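Residues 1 to 89 (the numbering used here) are what the sequence shown spells out, left to right.
Do not rely on the hints blindly, as some may be mistaken.
[Claimed, not checked] Heads up, simulated DSBU-like pairs for lysine-lysine below, C-alpha to C-alpha not over 30 Å straight-line:
(1) K66 - K36
(2) K71 - K36
(3) K36 - K2
[Unchecked claim] Each pair of labels, with its calculated beta carbon distance range:
(4) T18 - D75: 15 to 23 Å
(5) I48 - I10: 53 to 61 Å
(6) T22 - K79: 43 to 51 Å
(7) N44 - D75: 19 to 27 Å
FYI, nobody ran anything at the bench for these hints, they're computed from the structure. In this text the structure is predicted, and so the values were computed from the model without any measurement. For each residue, glycine too, the CB sits at the ideal point set by N, CA and C.
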Amino acid sequence: MKYQLDIKSISIGFLTATLLATTIAFRQDTANKPGKFQTATSENGTIILDTQTGSFITATVRDFGKVQWIKGDFDETYKVSKDNKKESK
């Protein structure tokens, strides 16, 4: 069996390989995206943030080891903090 390579066959193979490599390179990688909820902990408590809505809850440790959960909204807290900064000047 004799194989022949001509310019047409080489160019079709090259274009097919390029298309395949481009398709693989531009796929969406969801593994590096943060999840909907993110948490942070410290000695004083824990905060759980909903990264899509900006809502959060915090757990602070009170006297004798009691935990108090407080709901909040990041945008509203930021706005109040910004207003307080203007008033303190």
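Check your understanding: Can the suggested window of 19 to 27 Å be confirmed for the beta-carbon pair N44 and D75?
Key -> Check passed, 23 Å falls within 19 to 27 Å.
**Study point:** Cβ distance range 15 to 23 Å for T18 and D75, holds or violated
**Key:** violated (46 Å)
Practice item. Could you tell me whether the CB distance from I48 to I10 stays inside 53 to 61 Å? Key: holds (58 Å)
Practice item. Starting from K36, check that the Cα of K2 is at most 30 Å away, please. Key: violated (59 Å)
**Study point:** Agreement of K71 and K36 with the hint, judged by alpha carbon distance not exceeding 30 Å
**Key:** Holds: K71 and K36 sit about 17 Å apart, inside 30 Å.
Practice item. Note whether the CB distance of T22 and K79 lies within 43 to 51 Å or breaks it. Key: holds (45 Å)
Check your understanding: K66 and K36: Cα distance at most 30 Å?
Key -> holds (28 Å)
Consistency with the previously given hints fails for numbers 3 and 4, ordered from lowest to highest.
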